[in-house]
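**Student:** In case you want the letters, here they are:
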Amino acid sequence: MLFKGIPASHGIAIGPAFLLKVEELRHARRTLDSDHEAELEVLRFQKAISDVRHDLENIADSMGNVVEGRQILEFLLLLLQDPTINKEVESRIRCGLVNAEYAVSTALRGVMDKFEVMADPYIRERVADVRDVGRRVIEKLIGTEKEALKNLDQPAVLVAKDLDPSETAGLKPGQVLAFVTDMGGRTSHTTILARSLGIPAVVGLQKITAEINPRDILIVDGIHGHVIVNPTKKELKYYRNVRNRFFEAEDLIQRNNPGPAVTEDGVEFELAANIELPHEVELVNKLEADGIGLFRTEFLRLVQEKGENEKDHYEIYNKVAVQMLPKPVIIRTYDMGGDKFRTGLDTDDEANPFLGYRAVRIGLDRPEEFSIQLRAILRASVHGNIKLMFPMVTHIEQLRRLLDLLDLVKNDLRSRGVPFNEEMQVGIMVETPATVIVLDLILPYVDFVSIGTNDLTQYTLAVDRGNPKVADLYDSFHPAVLRQIDTIVKLCHSRDKWVGICGSMAGDPLAVPLLIGFGVNELSVAPTLIPDVKKMIGVVTTTAAREMAVKSLSIETGLRVRALVHSYVVGKYPEILLDENDWRLT
Amino acid sequence: MVELVVTVPNKLGIHARPAAMIVRAAVEFDSEIWLESPADKVNAKSIMGVMTLAASGGTSVTVSAAGDDETTAVEAVADVIKSGFGEEMI
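In the order they appear, the protein sequences are chains A and B. The opening position of the first sequence corresponds to residue 1 in my numbering, with each subsequent residue numbered one higher. The opening position of the second sequence corresponds to residue 587 in my numbering, with each subsequent residue numbered one higher.
Hints listed in this document are in silico derivations from the structure and should not be mistaken for laboratory results. Possibly wrong hints are sitting among the right ones.
Unchecked claim - Okay, the calculated beta carbon distance ranges per label pair:
1) B/V613 to A/H36: 28 to 36 Å
2) B/D655 to A/L43: 26 to 34 Å
3) A/G266 to B/G672: 39 to 47 Å
4) A/E423 to B/E673: 38 to 46 Å
5) A/D113 to B/E614: 43 to 51 Å
6) A/E68 to B/D626: 23 to 31 Å
7) A/G198 to B/D626: 37 to 45 Å
8) A/G143 to B/V613: 27 to 35 Å
9) B/G672 to A/K47: 31 to 39 Å
10) A/R215 to B/A625: 46 to 54 Å
11) A/K47 to B/E614: 19 to 27 Å
12) B/G672 to A/M112: 23 to 31 Å
As the list claims (entries may be wrong) - Quick list of in silico lysine-lysine cross-link-like pairs, DSS-like style, CA-CA up to 25 Å:
13) B/K597 to A/K114
14) A/K286 to A/K4
15) A/K87 to B/K597
16) A/K161 to A/K4
17) A/K114 to B/K627
18) A/K497 to A/K410
19) A/K469 to A/K311
20) A/K327 to A/K497
21) A/K327 to A/K4
Predicted model only: the values in this text are computed from it and were never measured. The beta-carbon is built from N, C-alpha and C at its ideal position, and this holds for glycine as well.
Isolated chain A, as found in the complex (with noise of 0.2 Å):
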């Protein structure tokens, strides 16, 4: 089941819910029978404040270095140690002869009443930390504490109808996975502290509390606001997928080499980036790529499950390619089907997925649903560098259809003045032998392609590298997978077109210097490859990647062509991370 609430800090987590019940404060009024029993009333309120400093004083200190965290809990003391409020809830004692809780919740009321009212939003969030300070306060003086995180036995995702800032700031990032909230907005302190502390929030969901029970699988998307409660197999598969990218992304950028990517003897290299997800785009700008040589959209499938709507498209494409320019795009249509998910399509179960009901085959049979996917492309296409590429092109009759299709668009959007770049390249995958085998016929259609290795290997090879008996089979060093790319290049190179690589090969380190050597354009791996890609390209010479290139294709097995690179690059990069067959090149 998925819930969509605001996305409040970034991050994937995957772990079962604790759920966090909040009584709700006792303060009834009590009327004080003197004066003295009053001055009494204010010593104690006086005590509570102090008390509740203390605690907010020890929270501030365990923030450590978290500078927002500091800044949000120095508030909260300030809130604590208003005087204006201070003086008003003691008079309230005094003059009206009350006990402290009653005095301090009606006070605040009257506060949080004014704030309420403001006009601006981000003052009015701050009713959130006036609450907070006054039910510590209360708690203080009832002497009951909220004691219910302390019941937190393994990691867990807190569920909870809000979180006060104070209670965030205690929160242990290793030991709270995440946080879902009923309410909460995206500029409140709780949000903040999320933030600085590293855990990932959804807020403002609304009903949730409603809908989870303790032990409950939750996965936590906080890039796009989405929380699934007991998840598919499927689902899980891709979001610890996605978590693991998450957290490798810092670390990522500390290796990184800045600037572009250049080959020893100088010759820059266009090294590019796959994304699955439009905020990668912040990963791939501080790595310094040249563009997003695939930019998947399969997750939009997921995050629309009422159905496509063109804008959701819309809004995603332009995004990532305005905070692109003016570096290329390239964006591929739906690819479904295979071993991607399936969420909200109604395909059954088929005995050969990969020979199956997917990727533009599942397009051209739903030309409008289609459609819609083209129409954002398009319309977005003014407003970046945006490339659209068509996945699993087999046949030439396919492949006229799809631009048949994209004809139409077209026209409709010209009949309704709707702007899109009349010039955008259009490109294929390629990624079967039938692909290359045609390329020649193929080629006139398009303005470039890109080799999807993963496939192209696959359906060379007949080998599906997900069943383990063969998964050794599988080898993208074989000599029937190098000619292709090499017959491809070639191919390629004589017309003109633009070829690029955006398999998992071309982040393999031993193989970059094969597909430099063949004379691809670009290479386009995953962000996370990226620095040591880049590495990789800078030891090598464009001379000695075309020897070797050469001398890979008359080479009978994938491992003597890895030998081969491998006793090359060895002593220029010894930190070069080996495949787990490479054990034995050394």
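Take the given structure of chain A and dock chain B to it, following the hints.
**Tutor:** Below, chain B without anything else, positioned relative to chain A:
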């Protein structure tokens, strides 16, 4: 009693963080210190007060103080406001 009129120079005006900076400066002094906008007059040592003043960028506010250290108090609080709180100016 000393008074000084200053203009709130930053774009966002006196929101939570600037309010905290003003209060932290004000509590250093023994004098009573006030902030006055065309709409309201508040205790400069009260975070609630300073925030509810909600002085937007460009507003004129009067800083006043009464007490033994009133002159330095007014100058110190006015300086914090004039600094723009380290934020983007109008």
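**Student:** Hint by hint, say whether it matches the structure.
**Tutor:** Hints, verified against the model:
1. As the Cβ distance of B/V613 to A/H36 is approximately 31 Å, the hint placing it in 28 to 36 Å holds.
2. Take B/D655 and A/L43: their Cβ atoms lie about 30 Å apart, and the range 26 to 34 Å holds.
3. At about 44 Å, the CB distance of A/G266 to B/G672 agrees with the hint of 39 to 47 Å.
4. For A/E423 paired with B/E673, a C-beta distance near 43 Å keeps the hint of 38 to 46 Å intact.
5. Range check, A/D113 to B/E614: about 31 Å between beta-carbon atoms, so the 43 to 51 Å window is missed.
6. Between A/E68 and B/D626 the beta carbon distance is about 29 Å. The supplied range of 23 to 31 Å therefore holds.
7. Checked against the given bound of 37 to 45 Å, the beta carbons of A/G198 and B/D626, roughly 39 Å apart, stay inside it.
8. Roughly 30 Å separates the CB atoms of A/G143 and B/V613, a value that falls within the hinted 27 to 35 Å.
9. Range check, B/G672 to A/K47: about 37 Å between beta-carbon atoms, so the 31 to 39 Å window is met.
10. The given range of 46 to 54 Å is respected by A/R215 and B/A625, whose C-beta atoms sit roughly 52 Å from each other.
11. One distance hint, 19 to 27 Å for the beta-carbon pair A/K47 and B/E614, holds here, with the actual separation near 25 Å.
12. Range check, B/G672 to A/M112: about 29 Å between beta-carbon atoms, so the 23 to 31 Å window is met.
13. Restraint check for B/K597 and A/K114: the C-alpha separation of about 23 Å stays at or below 25 Å, so the hint holds.
14. A threshold of 25 Å between alpha carbons decides the hint, and for A/K286 with A/K4 the separation of about 29 Å lies outside it, so the pair is violated.
15. Taking the CA atoms of A/K87 and B/K597, the gap is near 33 Å; set against the 25 Å cutoff, the hint is violated.
16. Restraint check for A/K161 and A/K4: the C-alpha separation of about 15 Å stays at or below 25 Å, so the hint holds.
17. With a C-alpha separation of about 15 Å, the suggested pairing of A/K114 with B/K627 holds against the 25 Å cut-off.
18. Restraint check for A/K497 and A/K410: satisfied, since their Cα atoms lie roughly 23 Å apart, inside the 25 Å limit.
19. The hinted pair formed by A/K469 and A/K311 fails the criterion: a straight-line CA distance of about 44 Å is larger than 25 Å.
20. Taken as a hint, the A/K327 and A/K497 pair is honoured in the structure, with Cα atoms around 18 Å apart against an allowance of 25 Å.
21. Distance hint between A/K327 and A/K4 is unfulfilled; the C-alpha atoms sit about 32 Å from each other, more than 25 Å.
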